[in-house]
Amino acid sequence: MIKDLVDNLTKKNTSDTFPFQIARKRLYMLPTPQGILFMVVLFVMLVGSINYNNNLGFLFTFLLSSMAFVSLLHTHNNMSGLILKTGIISPVFAGDQALLLLTLKSGVLDRTGICLGFKGEETVTVSLGQGKERQVAVPMATWRRGHFQIKALTLSSTYPFGLFKTWSTLYPDIGYLVYPKPLAGPFEFSSGIHESDAEGRIEIKGVDDFKEIRAYRPGDALSRLSWKIFSKGRGLYTKEFSAQAGVSLMLTWDQIPQKDPEKKLSRLCHMIQQAHRMNLRYGLTIPGKEIPPGEPKDPRHLFFCLKALALFDGGDQGGRI
Amino acid sequence: MKTRPDRHIRPLVAALLMGMAPHIMDLPLWINLWCLGIWSGILLIDVKKWFLPPRWLWLILVVIAFTAIIASARGRFDSDSGIGLLCLMASLKPFEIKGHRDRMITLFLAYFMVIASLFFSSSLGMTVYLFVAVLVITGLLIRVNHPDMGLSPGLRLSIIIVAQAIPLALILFTVFPRIQGSLWGVQQKKTVLTGLSSTLYPGSMTNLVANKAVAFRVSFDSKIPGSSELYWRGMVFQMFDGKGWRLDPDPALASQLPPGESPVRYEVILEPHNERWMFVLDLPATFPVGYDLMADYTLMAKEKIIAKKRYGFVSNMVHTAGDPEHWDNRSVLLPLKGNPLAQALARSLQGEKATPQTIVDGVLSMIHNQEFYYSLDPPLLGKDPVDDFLFNTRSGYCEHYASAFVFLMRAAGVPARIVSGYLGGEVNPYGNYVIVRQSQAHAWAEVWMENRGWIRVDPTAAIARERVETGTLQLGLGNMDQNLVDEGDGGFFKGLGKNVQLGWDALNFLWYSKVVGYTAQSQKRFLERFGLSLSTLGDWIKIMGLATLLMGCLTALFYLGLSLKHRHKIDPVVKNYLIFLKKMGKIGIQRLPHEGPQDFAETASCKRKDLRPDISGITRLYILLRYAGKNMDKNLLRDFKDLVKRFRP
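Protein sequence lines, in the order shown, are assigned to chains X and S.
Note that our numbering has the first sequence beginning at 38, numbered continuously upward.
Note that our numbering has the second sequence beginning at 3, numbered continuously upward.
Careful, some of the hints might be misleading.
Unchecked claim - With a straight-line cut-off of 30 angstroms between C-alpha atoms, the simulated BS3-like cross-links for lysine-lysine are:
1. K577(S) to K142(X)
2. K577(S) to K169(X)
3. K50(S) to K95(S)
Stated by the list, open to error - Residues from chain S that face chain X, not an exhaustive set, calculated with beta carbons under 8 angstroms:
4. V65
5. F68
6. M106
7. Y113
8. L120
9. F122
10. L143
11. D150
12. I163
13. V164
14. Y203
15. R267
16. V320
17. V517
18. Y520
19. T557
Said to hold, decoys possible - Pair by pair, the computed Cβ-Cβ distance ranges are:
20. D335(X) to K51(S): 50 to 56 angstroms
21. P56(S) to K344(X): 44 to 50 angstroms
22. Q186(X) to L556(S): 50 to 56 angstroms
23. V49(S) to K269(X): 57 to 63 angstroms
24. D644(S) to Q186(X): 53 to 59 angstroms
25. K588(S) to D335(X): 57 to 63 angstroms
26. I39(X) to T176(S): 54 to 60 angstroms
What the hints contain is simulated information worked out from the structure, not anything from laboratory work.
We treat Cβ as the ideally placed atom computed from N, Cα and C, and that holds for glycine.
Chain S extracted, bound-state conformation (with noise of 0.2 angstroms):
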């Protein structure tokens, strides 16, 4: 039989499109033009008026798809496969819709696909789309229903009907319970994340310097820091093996803090990088709930990072004395061979007078007198790096001085290590918190001293500045050499569009905040904040039961202002009327069903002789103003109310 596409073919085929736009970019290409293809051609047919495939093509064209879904998947069914898999069903719908059923299949067929794209992309430009697209398809579902309505009054039903839903679904997205982990596995997409390196070999952060992307953002709950404070300690490098550095196999956990002063609490906001380190200030001044806090004072998620992690925290920034005791072997180790020349250099550093500290300080002022160079761009350094590096190159950035200081100062006896992380961060003046980005990596060292503790020094902090080359970023300085290492004067547009970014980045760090990085912590300090708690599944009901009745307030509002909107506003020539005759009533005399406003003030004049006239006033203006219609004489309604008010049978 032949049939022709639905009636509703176009809204329908709108809804689908609008769920799928935001897949294109993850759909494979052939997936994309396969929709469109067949959603063109079903429009096509359409505005044509033709009639519709016979169905064995139909189910050719079902066969076709799913052999090619199943071979693009190569046996890995991942979420990416399904998106498509769903892509594919919602293009062969439009030919079989066959009735009112089908097309609100299609329509919540749509919405789903614009749920699931939310498990791809949560930045705060999705969720505008996602939220237009909810628009759009509740417009095009009202449509479908009463095709009679028409487009735009339908588009509007939808806007009054979403922002009158949008304070429920605010109640219930704020006091539904969380759960840490997830129901069942969940398997994340696989996607080259940029980061720190897990060894640090120098001029191996090379891939990082022109790497603008985001490493996390900071808010503090007080003044932010200045930036030459902020050394967001990553992870601590024990072991060297002559040409670089590698992390402790076997960390052990901290098992006490670091003492010190001038705490500030922070919340970081950390992107994905398929690792399990985390940033947290020097030094930590708290043990954390749900990471492990290293003996070395970094910080570790249980699991590696997948998805942006948010986690609050606090740290001392003044910790000089710190830790006495805590050091181990490890510190001081190096291969017997290699790098003779700076061995013989640590040695010569090394006096009957001298100290930790002076040698720091002899080392320090080697890198600021001598021709050490801050490069971005540095030679390759050969078999002995740091003999290469110190002595012959005199050139490279964080790495390179971090690396060779803590070589000299081990050499020489001092208790060394090297710690990685980012260093500074640009406040966002639009949202108050600040942005880490890769290109802020950053590596220095840390020296244990008798009676202090580990020591921050950050060597590439020594290099004088003159020698720091111009025109490169500030990696391995931070903010700190912000005024020395200055990307210029970009001009207006390039300062508007800068702008216009940090906006948009403060528009999506407080989305972020407080929507997408909503979690069980953060709904129990947010409830907390309205005197609930949350220990007990009793606490649970009682905030469900709050919750109900919050919603049911909230649909009693509603229903009032529609009651209200049902009530007829009473014309004042009545209401003033209705008054005269209750006066009249007090004085017992009534006016009977079938009594006209005449013939009750001729029945009432004779009744009372001596208010006839006001009476007859009365009547005479309220017959009046009652047949007055639109046009009545204002001055005359006030004449009549004053009469009224006036009147004392």
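Bound-form chain X, shown alone (with noise of 0.2 angstroms):
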């Protein structure tokens, strides 16, 4: 609570670049809930203490504080210093776990315990001695397609005690892309700019020319092995099939039945993750963009199509259904 505040009176314009490390003056500093009570504790071997004039009370009760006291100078040297190196989100589907790969370095010091998270999600702790560079993967959930900034993200540490908690809040200038959450459902494509003929609904399944026959390697599709040659007692063996060369389907928007534009676009992610497994040539036409067919595999040419499926905004014109 208190800590929200105070981040919002200290929240910046500007955003963090990395590499960032983390300053003193970046720092703030509050009593656990724990820490209060141990305030507590020591008050009341405080108020003991005088009662009795008991000297020895005293003396352990002004240890603890000072133990407290100095814990707080480790809890605030546990992070000041750190290093941000890089950090990088690799694009997720919507609905699954965004990970924020951080690499951290700990500069001259130990660090243990740091505790990193986005506002309102799932933390992850790490420690890492003195001159080490570590990655960690700080999870986000995600629920929408799109480009993102990513929020706050806060370090803390309640090193060593756990009585005092430090932590720094910052805005990284990074972005990541969510794709639209895949939707499962029947191949649809209109023909590609060679075919004209292979218009319409049809099964896809992953059969192109019989291409060659190879030794069995594990993972390989059941449908696939060459029941022939396995009956003949010669072992397992997996029939290869080519996609025809030139052949190469259009996904496009209007071709999908949904009416909702996220469901198509859902459906569209869905088959362009299926055309990339299958090796097929295919391209994307969605209001307002059109990329045409890559090279099957290509791992850009996917990202490029996944790409405008997250940033689709409705098209030119009519778009918008």
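These two chains come separately, so use the hints to put the complex back together.
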């Protein structure tokens, strides 16, 4: 609560760029609820010592208080000077957890129990020895497709006693893509540029022209096993097919029967993934954007297609239904 | 729902055990067994990976525990039952630990139990244990917060933090304002305390004969006086009832001090004896603050002494010339009946030429010359105890002699009284202070002489040495007769044991006088040494400000040390190259940001052809050293430094 208040008051308009070193002035500190309880316990001890004029009581009360105070410095040191070298987020499908991959560098001190997390999200805790570098994945839930800026990232630590919590809230300048959530369904496509007869609705079985037979590798689809060879007792072989050169599919907006544009995007997303997996040449047409078919298995092409879906904003005209 | 014990149950139970250990001796047996039983139970459950007992069982245990503690307190809820309750709560806590918060509470409970034991014992041994306990519990606190850290790094960190906290704690301890008295009533544990009795019936002191318990310890500001001079005045008996002596029921306060000289300043740490009297050397030279100085020059506390008491005092060792006026009728009063033989003896001492001095001398020489024995186990005395002692048993210790002597004096018309206290003391060579034990209890006499005042006479000292029973302790003789009544050579191990004991006593004494016995007065004295007075609120604010400043400085030092650690050690190669660049900069040749050392050397050489050999030499060496890594040639580095140093563009 107070933490939010502090964060709001100290929020800057500029964002933080990596590499980022946590400066002292960016660190705030508050007692934890346990820390407050500990202070109450210390107060009771102090009152008891005063009442009984018990010097050993004083001594140990002051020792514990001083330890709490010293621990505060240790808490502060545990975070101060920590370096966040890089941070990237790979695109994810809506509904999946996006992971911010951060590279932390400890600098000259040991770092223990550094807790990283986005506001309202799960946190991860890492420790790293002095002079070490380590990558951590900070999770973040996604709901909608689109391009987003990451939210406030909080690094906190209650090291060593759990009595005080120090934290620093960063606003890193990192964007990330969220693709639509894939929605399974029949594979619908319009023919590519070279074909004109393949229009309509077909079941894709992943079968094009038979290419060769090779030895079985774990993970091959059972349907592609050559049972003929197997039955002759010559072991397992897989039939390989290749996509027909020149044949390409266009996955188009208008062919999706669903009315809801988000559903359409989800269906297209699913089909792009399938087409990619099946080594097909595919292109994408959505209102306001057309991507011609690319090379099969080209990850960059896949990325462009999915990115187009993620960033789809209703098209220029009539796309918004 | 079935649950298993908390995953941190073992360190938590260990912490509670650390907290409970100092109480074991004070707690009733059943609480000890209860706690150990329950903790073993939960550890067993944890080891065997069983489930915790259902909640109703836990509730039943809670009810049983509380009922038992209430029943055993018998309606009197004192600090003992408080500790018992604390331990019972601690015993049941492990069953309901459900998360981080509960774990932390459990550890705080352990701290609290440790500190609570301070209100029962403040010995050095206990203090050492408490330090260890704080270290361990803190280590466990770190472990519970950072399970991946490991036990021994956690313990190491705990030691580091405690070490860093000690200076701050000492500053707080020194300057925190102490008050006299308490905030509310202090309930003190009732214990049987030994010490001098408030009556003196010859033979009654026997319970102290073998009591080696310490009565008090004294440190002197100057040289310790000889032990035969150490007459520790405690009580003065004026009233004789035919058998023994009683204290004045209505004592008056002293109105003036007895004149005297050669003052000694000393500080007494008195063990509690549950009475008001305090012990001072004969005779007081100052009026005390906070205590009463009585007309008979004994010192009384305002309240019964139930905890160790520390007080400083000044006494005059030479005080024969004193207070010629002060004596009252009571100092010659005797019952009319009883002890006729002693009365007759006293009358025979009174003659025409007799003075108080001759009467005293007469009795002392009688004790010395006749068959009087010193014995710690004398026969019991009959109906007329003085007669019986003087003419029949003739064997006894200080009480008998002092009693008979004062009786004779009074019967002879010389004002006299008995003083009870201690004589002598054992100098602890390890601490330069004196230990006075109960076995050194002593009684002596004082007689009043005209123009001289009250004169101390120790009739026990008049006994001929050959008639002191050997093998007895030095009861009633103090160290004065240590050469007479020797305990004998105890052999090497006994000697060693005694030395260890004395050394330990010295440490305890130091601990008490510096830390445990730190009172408002000692605080005042300590701070005055730094020129800080404590009279007004403003002074206090000033001291608090200074303390805060001091602690701030310590914190700053801590941080400074840290930032020094932060600063990277600059590579000497880089450092020297930077010097070279600076020298080049002075003659107007700047290295551009994009230029490597090689490029820079080339452009610089073009601009100043005359410097070419130096520049290229330095640059070559720099590159060589820079990429040499760890196996750098020391000579090469020296050449490089030399080259840079001699480079004068």
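Results for each hint:
Of the supplied pair hints, the one linking K577(S) and K142(X) holds, its CA atoms being roughly 25 angstroms apart against a limit of 30 angstroms. Annotation: proposed proximity of K577(S) to K169(X) holds, straight-line Cα distance about 26 angstroms (limit 30 angstroms). Pair hint K50(S) plus K95(S) holds up; C-alpha atoms about 20 angstroms apart against a cutoff of 30 angstroms. Interface hint at V65(S): violated, since its Cβ lies 26 angstroms from the closest Cβ of chain X, which is beyond the 8 angstroms cut-off.
At its closest, the beta carbon of F68(S) sits 21 angstroms from a beta carbon of chain X; the interface hint therefore is violated under the 8 angstroms criterion. Look at M106(S): its Cβ gets to within about 4 angstroms of chain X, closer than 8 angstroms, so that hint holds up. Because the smallest distance between the Cβ of Y113(S) and any Cβ of chain X comes to about 7 angstroms, under 8 angstroms, the interface hint for this residue holds. Given the 8 angstroms rule on beta carbons, the hint for L120(S) holds: about 4 angstroms separates it from the nearest Cβ of chain X.
Because the closest C-beta pair between F122(S) and chain X is about 10 angstroms apart, greater than 8 angstroms, the hint is violated. Of the supplied interface hints, the one on L143(S) holds, with its beta-carbon coming within about 5 angstroms of a beta-carbon of chain X, less than 8 angstroms. A distance limit of 8 angstroms between C-beta atoms decides the matter here; for D150(S) the minimum to chain X is near 6 angstroms, and the interface restraint holds. Among the interface hints, the one on I163(S) holds; its C-beta lies about 5 angstroms from the nearest C-beta in chain X, closer than the 8 angstroms criterion.
A distance limit of 8 angstroms between C-beta atoms decides the matter here; for V164(S) the minimum to chain X is near 6 angstroms, and the interface restraint holds. Evaluation of the Y203(S) hint against chain X yields a violated restraint, the C-beta minimum of about 37 angstroms exceeding 8 angstroms. Here the hint on R267(S) is broken, as its CB sits about 23 angstroms from the closest CB of chain X, past 8 angstroms. With a least beta-carbon distance of about 37 angstroms to chain X, the hint placing V320(S) at the interface is violated under the 8 angstroms criterion.
With a least beta-carbon distance of about 6 angstroms to chain X, the hint placing V517(S) at the interface is held under the 8 angstroms criterion. Of the supplied interface hints, the one on Y520(S) holds, with its beta-carbon coming within about 5 angstroms of a beta-carbon of chain X, less than 8 angstroms. Interface restraint check: T557(S) against chain X, minimum CB-CB distance 7 angstroms, threshold 8 angstroms, status holds. For the pair D335(X) and K51(S), the beta carbons lie near 54 angstroms from each other, so the given range of 50 to 56 angstroms is met.
P56(S) and K344(X) have their C-beta atoms about 57 angstroms apart, which leaves the hinted 44 to 50 angstroms range violated. Separation of Q186(X) from L556(S) is about 44 angstroms and departs from the stated range, judged on CB atoms against 50 to 56 angstroms. With their beta carbons about 60 angstroms apart, V49(S) and K269(X) fall inside the hinted range of 57 to 63 angstroms. The supplied range of 53 to 59 angstroms is met by D644(S) and Q186(X), whose beta-carbon atoms lie about 56 angstroms from each other.
The hinted window of 57 to 63 angstroms between K588(S) and D335(X) holds, with their beta carbons roughly 59 angstroms apart. Evaluation of the 54 to 60 angstroms hint for I39(X) and T176(S) yields a failure: the beta carbon distance comes to about 34 angstroms.
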